Every structure is written in structure tokens, then in C-alpha cells.
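Please arrange chains F and B on chain V, whose structure you already have, making use of the hints.
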Amino acid sequence: MDYLTIIQIFDSALRLATPLLFACLAGLFSERAGIFDIGLEGKMLIAAFFSAATAYSTGSVWMGLLAGVGASLALSAIHGLASITFRGNQLISGVAINFLASGLTVLIGLSWFNLGGQTPSLNGAARFQSIELPFAETLSAVPIFGPLYSEVLSGHTFLVYVALLCVPLTWYVLYRTRFGLRLRAVGENPAAVDTAGISVVALRYAAVAICGVLCGLAGAYLATGLGASFVKEMTAGRGFIALAALIFAKWRPWYALYATLLFGLLEAISNRYPSLDLGVVTLPSQFMQALPYILTVVILAGFVGKAVPPRAGGEPYVKER
Amino acid sequence: MSTAPAIELKGISKSFGPVQANKDISISVMPGTIHGIIGENGAGKSTLMSILYGFYKADKGEVYISGKKTMIPDSQAAIAAGIGMVFQHFKLVENFTVLENVILGAEDGAMLAPSLRKARKELTALAAEYELNVDPDALIEDIGVGMQQRVEILKALYRRADILILDEPTGVLTPAEADQLFRILHRLKEEGKTIILITHKLREIMEATDTVSVMRRGEMTATVKTSETSPEHLAELMVGRKVLLRVDKEPATPGEKVLEVENLRVVDAAGVERVKGISLEVRAGEILGIAGVAGNGQSELLEVLGGIENGTGTIRVNGQELDLTGKFSDARSRRKRGIAHVPEDRQREGLIMDFKAWENTAFGYDDDDAYQAGLLMDNAAIREDAQGKIERFDVRPANAELEAKSFSGGNQQKIVLAREIERDPDLLLIGQPTRGVDIGAIEFIHQQIVALRDKGKAILLVSVELEEILSLADRVAVIFDGQLMGERLPSETDEKELGLMMAGMTGETT
Amino acid sequence: MEQLPKWVDLVIVPLVGLILAFFLSMLMVLVTGHDPMEALSLMISGALGSTYGWGYTLYYATNFIFTGLAVAVAFHASLFNIGGEGQAALGGLGVALICLFIPWPHWSIALLAAIAFAGLFGAMWALIPAYLQAKRGSHIVITTIMFNFIAASLLNYVIVNKLRPSGSMDPATGKFPEVTHLPSLGDILNAVGIPFSKGTPANVTLIVALLACVFVYYLIWRTRLGYQLRAFGKSQPAAVYAGISPIKITIVTMMISGALAGLMAINNVMGEAERLILGSVEGAGFIGIAVALMGRSHPVGILFSALLFGALYQGGAELGLWTSIPRELVIVIQALVILFTGALDNMVRLMVAKVLLRPKKAEA
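Chains as they are written, first to last, in our numbering: chain V, 26 to 346; chain F, 60 to 569; chain B, 769 to 1132.
Capping the alpha-carbon separation at 27 Å, the derived lysine-lysine pairs in DSSO-like fashion look like this:
#	chain 1	residue 1	chain 2	residue 2
1	V	Lys-344	F	Lys-116
2	B	Lys-903	B	Lys-1002
3	F	Lys-464	V	Lys-344
4	F	Lys-464	B	Lys-1122
5	B	Lys-1122	V	Lys-344
On the chain V side, residues computed to face chain F include the following (Cβ under 8 Å):
#	residue
6	Arg-201
7	Thr-202
8	Leu-206
9	Arg-207
10	Ala-210
11	Glu-213
12	Asn-214
13	Ala-216
14	Ala-217
15	Thr-220
16	Ile-223
In case anyone wonders, no lab produced these hints; they're calculated from the structure.
Keep in mind that this is a model prediction, so the values were computed, not measured.
Just so you know, even glycine gets a beta-carbon here, dropped at the ideal spot from N, CA and C.
So here's chain V without its partners, still in its complex pose (with noise of 0.2 Å):
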């Protein structure tokens, strides 16, 4: 393996690893609020097909944006009108996104371009273009660090660089602004939140709607970033692997965008070398795809410094008698 192959790695990780670090981030605002979230998969799914199907139609991958965004928004509302309003079961109501995201995307696909549920492909305008950063050209010369900055850093679509900013964002809003500590405080004890006077109800929902939007930040990048065209099921698990990112970051900002860059760099790998030859063993390409979730449940049986969740996470707010 030489150095390009690394940087090639590097490079395709950080692709990768950009919707689940959106939607890892989306988890954790919904969760910190006390509102647990296994609908991340749907939104992203439904993102993706509306912000495709809508850039495709218009020709502007700006108003396929938003039309992702949007979309999950919709589904956010009803995850927060089951889970905050009717104060139902939040799992459940998360297992019926997935499934509204995943039959919806083919029904409504289906009739729109008649191409089997998919959507037909994006170029120009339609798709995001990448960008170079300044100097890449220059210091792509410069040994080592060269073609790490031209190759890794640079080169990527906007939402890569969103995607990445919104790291020191969250960390800013969560733990430097008035509404961050509300919010944090709403999924530790709702009811000090009630009884300090602020209304539980409508911060919850605000969480819930940050985490739509940066769910359909990363279902719009699958599809007109990474890809060029919404595929049937095209989120293929990642909203669960975000969510078993979200566990390993122990819902923290920043370690999020390292978990996500880990299990991003494990699908770069397994995606390169469908069987990993280590000279002792040779991993299949089916434990690669594996490890994250492997990795979670070692970290959820707390073997490896557990992972407590916010105390009020899963719980609708009653008051009590």
C-alpha cells in the first residue's frame, strides 16, 4: 500500500463519512432535546429522493436542497407530533419514518419518472461541483502534506465543508448559547425546564426540526454530492450507522465527527480491498461492513467506557401529579 493509495483512502473517507456526520449531528440535537430518533435513515432517504427528483426537474441543485430538506422536515413533524405532542412511543414512531421514507420514495418515483423508483442522472447544474480550496494546486507539490491538502482536504462538494463546519457550530450552540443549555436541559429534566418557565413542548420541537434539517443536508449530499441520481434504498443502513456513531461519540460534537470519520474510513477500506489480507488473517469484506455495529455493541455493554445516554431520552414529558 503506497502513500496515493492512503491518500486515495483518506480521500473517499471523508466523502463517506459526510452524510453520517450530518446525520449524526441531526441525531444528537433530537436526542440531547430527549427525543430519540431510529427515523434517521427515512429522513435521509426521503431527502435524498426529493432533493434528486427536484434538481433533476428544475435544473438547480440549489432548489434540490431545499426540496430534501424540506422533505425530511415533513417527517420530523410527524416524529415530533407522535413523540412530543401525542407523547407517544419514539421508537415506534421512528420505525414508521424508515418505513414511510423507504415506500413513499418508490411509490412516488415510480409515478414521477417511471424508472423503477429511480431518478434519472444529474449533471451540471443539477448536481453540487467540487470545489478547490485555495493553494491546492501550488502545494500539492509539497511532499507529505501537499497531497494531503490537495487530495483529501480539497476537491470536495460544499456540503462536504458544511458538513465539516457544523462541528464547532454544535459544540458552539450546545455549550455557549442560551438555547444549548435549555436544550441540554430538556433531556436531562424536562420538568426544571417547565418550572424554570421555559415551555418544553416548543424546545423539543426545535430540536427535532434542527435534526430534519441536517438530515435532509445528508440525504441531499447522497444524491446530488456523492452520487449523481437517487437509487432505490440508496441510504442503505447509513442512518443506523450514524445513530451507532452517535452512541460511539457518546453524544458529543466532536467525538462525533471522529466516529464518523472512523466508520467512514472502514467503508473507504472495505469498499478498496473486498478482503482485507492482514498476513495473518484475511478479514472478510463482510466483517468490515460489520465493525461499526460490532464497535457500538462493544461500547453500549460499556466494556469500553460506557456510553449513558441523556436521562430523559425516550421519555415523554407528563407532568407529574
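Relative to the frame of chain V, chains F and B by itself:
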């Protein structure tokens, strides 16, 4: 002189489903006074104050603050009207610092840093003014309940509350901590604040308040000046008739040792030692009462004996040692050794609220041979057995098909008692036997406990109600901070001495 | 909220949820440019209009009875087993192994062995999440989701790398020996003189599924284990007070649940495909959630809702065959059923309460 009352409530009514918690209640409190609201558990005191704080919405009625009609649809409106409330169960975020809890909801802008700076300064000032010292950077989960209560008071003061409501503030405090709380309250009163104190303890009303309102079953029965009333009179107003607090019983005739506990220790899940080397014994035919402020290890003591928690040390029943860890340390093994347990919290532990009464009468004893029919359970046998228990213990309504949650607190307790007492145990563990139980049922329950004693059974009674301990127990042991402070005979002690012991002072040294 | 009579809660509320789900789905059909009435009648006639349709409906229903019961048993202990998909996949592996490698004298003995192995493999796959929940407090919903993915990778590996016959491109094992083939429902019914299509995958497993319903009924409401399991589901502290071990109950309940999900494999792997194909569970594990919710976790309710979903799946397949409406319409209906009978249950209940309780008040 006609100052407007700080608070005036007119015709407040509130129902939760079929239960009417408040019926047409009117009350007025003058500024700069401490006003007590006293009543039994479930009389509707907390509901009324939660309405004033905007936590619940009243079905009917009006609120006037300083003479102005004020709508209080939510807590935000209450805070804006200058009302602060310290709930019985604190509303704090456990993994936040004191400072973060204080500013939550009262931040000055979208950014946190300026709010935190300002709050730190103000907290120092408040601490100096009212003896309310707390470390602003400590995490709530790391500080004691007394401190947490201070944080709640600081939260209210930081929001410039002129009216402070405290709901059963001394339930978790030692008498010394309670005294300090009352000093703080007096100080606040001198500064012109209005304080409403909800309690079911007569002593606190007599010592701390200027005026007092009495509530009974959702209604306000009287409002009087504290200086013009007596505890006896208030007690009568509370329960609606003269209460017989002493239970008629013969002197005990203790027999063989049934329960022997030596050097029992319990460490909780968080690693805190809750029971610190307790030794005691209970003989056949006597009631040992454990008195103490809630949270001093009495619950853990009961739970280890009942097989719910693990501990270390030695426990012998009828001379045979019990397992404290492992497979045979569970509650089922305890029952097989002749130990019955009426738990402190019947709704959380003693009953399955969604199960029918007849299913609950087999709870914990589902392995009884009489209840088996081959591989299946003999539901007909359980139903028949349940009907008998219901009749003998006068459970009302006498319908075994009703779910446990549809019975009143007293009748729920009777179901638990019937189940445990009719097993004819050698040792009965009983925690808070009459908590949340109506007066009529209290007498019945006390009689059942004494009757079991007279049958020659050993009884370990845990209660935070001193009066109950003094009237039921043959010996009283006081628990403080996980240790027994000493033992007294009810005839040779009084509430004052026991109160001191409950605060950690042994009777001999004072 | 006003108290609704129990039968309304158990029957009317899920039915209203179902009607809502259908109404919205048909609205989607209309929006995508098709005729809902036509779609509906095609689905009904496709699923129930012939013994051929019934054969497929019953075949699907058999799958859903198993996975529905699996979810329901866990629900009674307040555990959400979302891992039916993986457990059923592992059950398939168990069935494949005993069918491929052991020479059986007769299908009936092979069936008994398949029941044992499908159940055992399903139970073992539920054991690890159950153990982690009981001993380490790891959230069982998350771990069972993770185990679905791990199961998919594991089966992928075992089938593609180990069990695939050489030269085959299909991700599937070889055909099971003739002797392990189960009698189809058509064979059985024709033998007793009832004419029934022989070309459908419904088979003798249906009877096993019905027996499983009876078994679950007795387990939950008539045995000590069921009593303890329900008590644990209602209140964990109370269970400990009564001497019921949370660890034991969690593990035993999840293993029974996993075994029930695993049993599905006798229907789809042994009964229908007669070989183990990658991805053969086809979402039936998740449909079990809808079936259990709709059936209010009661075996009788589950039987009916499994039939309903069976008909839906067969009707949806017919739809995909004869019209341009894709069979994914069924997934939308399924999603909405889960939504209205599960997550938005309180909303539906409120709607029903408003309609039912208002006239009474007007009279009073």
C-alpha cells in the same frame, strides 16, 4: 390601613379525571408574612400551589397578585408575577452546575457567558444577605439535599421572586437543617418577602407561620392566625374529627429472638454507603420501630432484609443465617424463610397497578402450591383466595376483578397487608404503613399490625411519622446517617428527645 | 383524558387507526395518478378472490404470525425486540444446516428438528442483546438493531463464502434434499377433499404457527412465567420486590421472542424456497412490529392482523404485477399502520373518545 393582599385566590377548582383535588378554594395572604397551608397527604395543598405557580391550569377560579387580577397560564407568567416555588421533588438538572441551574430560563441574552458572569456576582451577594452559601461550580449530583434546596431558593430569588412557595421543604432535612431553613425564611420575611409554607407537620406551622389555612379533602376548612390556635385544634380541623393517636394495645410480651442483625452495611449503586454497620434484634411478639428522617438508610435497611438489595454483615432469622448475596438472597428466598414485607412504596413495589386485585393477592407468592394446576396457574384458586382476603380485610369495593389502580390508597394498602399478613410470617417488615392512607383505614391498619404482634410475631416497623412510631412500637430505635443513634422505650421518651437523636445527637450527651 | 371502555381500546382504536392508514394510502394512490377503488378491489381479489390468492395470503400470514408473536411476547415484558429480522435470518441458517447436512428419514422428523434448530438459532441471536440489557443495561432496541446488521453480514459471509455450491452465482445454498420438503397446504387440503390450489407456497407450517398462537396465549396468561413476565413489564421495582429476577426474565423473554422469530424460517426457508437465500426474511421481522401493535399483543389479535398483512402483501404483489402501482404501496400502508396504531395511538384514542363520549355528555 388597607394594603392589598400579596396573593388572593378566589374560587379555585381543579379536577384530575374523576378526582376533585381542589374545590372552590379561596385564600388571601398579606405581604411580608409567612402563611402555612396544612393538611394531610392528598388534601390538595400541592395542587393548589402548583396552580398558583402555573404548573397546572385551574378549571375555575381567579388569581389576584397585589390586588391585580393576574392570569397564570404557565410558570413563565408566575415568574413574571414575582412568584417562586420550591417543589417537594427538586426541579434541578443533575449534571449541570449550581450556576447553570440558577440561570436556566432566566438568561440575559442568547450567549451564556455574560449571564454566567452576572449570576456568579449576584449569587455571592445573595449568599451574604441570606446565609445561602453554595459553591456555584459544584454539580448538583455531587451536593447534598440540603444544598440542593438552597439552590432552589436561590433560583427563585435570582428571578426576583417576592412570593416564595415551599412544598414540604423539611421532608428530606434533619431537624437542624430544618431549623436553619426556618431562619432563612424569617430573614426573607424581614426583607418583605411573602412566604407560603406547605406542610403536614403541625410543629412547623406553630413555630414558623403567622397565619395558617387548613385543607381537607380538596377543601379549605379554615384560615386562622397561628397565635390564636393550638395544635390540637388544627389537627381536628385537618382530619375532621378528634383523632385517637394512641393505639389501644397491651404491653408486649417478647419471646424468642426472631431477627438478629449484626454489623449490616449497604452500599448503593452510586458507591455511597447508606447503611453503616447496623445491629439490632427483634423478638417474637414485639414491634421494633425505626424512626428517622427520610433518606437516612431506613429504606435500604428494609430492602436488604426484604431481599431487594444486597448488603454485607450477618442477618439471622430464627437463629439461621440468611444469604446476603447470590441466588438465595432474593425476595422469594426471604419469603420462604418466613419473612413478609409490606414495602414503603406500595404503588411502585407492593402492587402491580395494572393487575387486577386477585392477581395482586398472589404477587410474590405465585409459586405457592395452592396456586398451581400442573404446568399452569390455578387462576380459579387465586380468585377464590383473593375474595376471602378482600372480605377479611374489608377492602372496598369488594371486587377482586378491579385493577389495583382503581382502589384508594387505604384499600390498596389493605390488599398488600392481607397478602403479607395472611401468610402467617414469623417476621413482618413494614415501611410507612399509613402513608397516603385515609384516616379511617389508618386505625384498621394499626389494629392489624398490633393483632399480628399479639399472635407472637416479630415486627420491624419503619416510619418517618414520629407519632406513628410512638403509638405502635414497643421499642424505638433512631436511625441517622446509616447508623442507629440509640434505643428508647416509648413510655420513657418524647418527640423532642427523638428529634434530637434524628439529627445525629445521642440522648446521653445532650 | 376520559377512560374508554376496554373493548373500545382493544378493538375500535386499532380499527380506526387501520382505516386512517388505508385512507391516507389510497390518497397517495390518487395523488400518484391512479384509481384507488380499482387498486383496492384488485388487491382484495388478488389476495382473497381465489384459492391461489388465499394460498399466498396464508403463506405471508404464517411468517407474520411468528414475527408478530415474537414482538408481542417481548412487549409484555416491556422489551422492544426490533431484532426479529436478524433472529429470523439466523433461524434460516439453523434450518439450512440441519436440512443440508443431516439425512432425514421423513419430512415430519425433519420438521421437528427444524423447529428445534430454527428456534434455537433465533433464541441464541436474541441472547446476546438480552444479556447485555440485563447485565450491562445496554439499550435493547439499539443492540437488536445492530444485531440485524451483524446478522446480515454474517449470513452474507456464511452463504456466499461457505454454503454456496461451487459454480453457482446465486447468493444461496444448494437445494435441500427432497425428503425435507414440507407438504403444501394444497396437498393437505386436497387429501381431505377440499379443492385448493397446489401452486402456492402455503404449507404445513401454518399449523405450527396456529399452535404457536395457542402456546403464547397460555404462556402469557396462564403460566407462572407469563405472570412474572407481565409483572416485570408493568413495574421492574415491583418485580424485584416479589423476588422475580430481572436478569432471568429479560433473558428468558428475549430468548422466547427470538425463538418465535426464528421459527419463521421453517415457513420461508424450508417450506417455500427449499434452500437458504440471502435476504430471505424480506422485512417480515419488521412487519411483526406492525402486526403486534395492530393485534394489541394478543395472539387472537395477532392472528387477525397477520392475516390482514398477509392479504396486503399478496394484494400488493398482484398490484405490482397488473398495474403501474408498485408493491411498495404496501410498505406505505404498513408504515401508516405502525404510525397510527403505535406511535400516534394516543391521537387516535383521543379522536375516538371525542366521538364516543360527546353524545353521552349531551344527554346528561
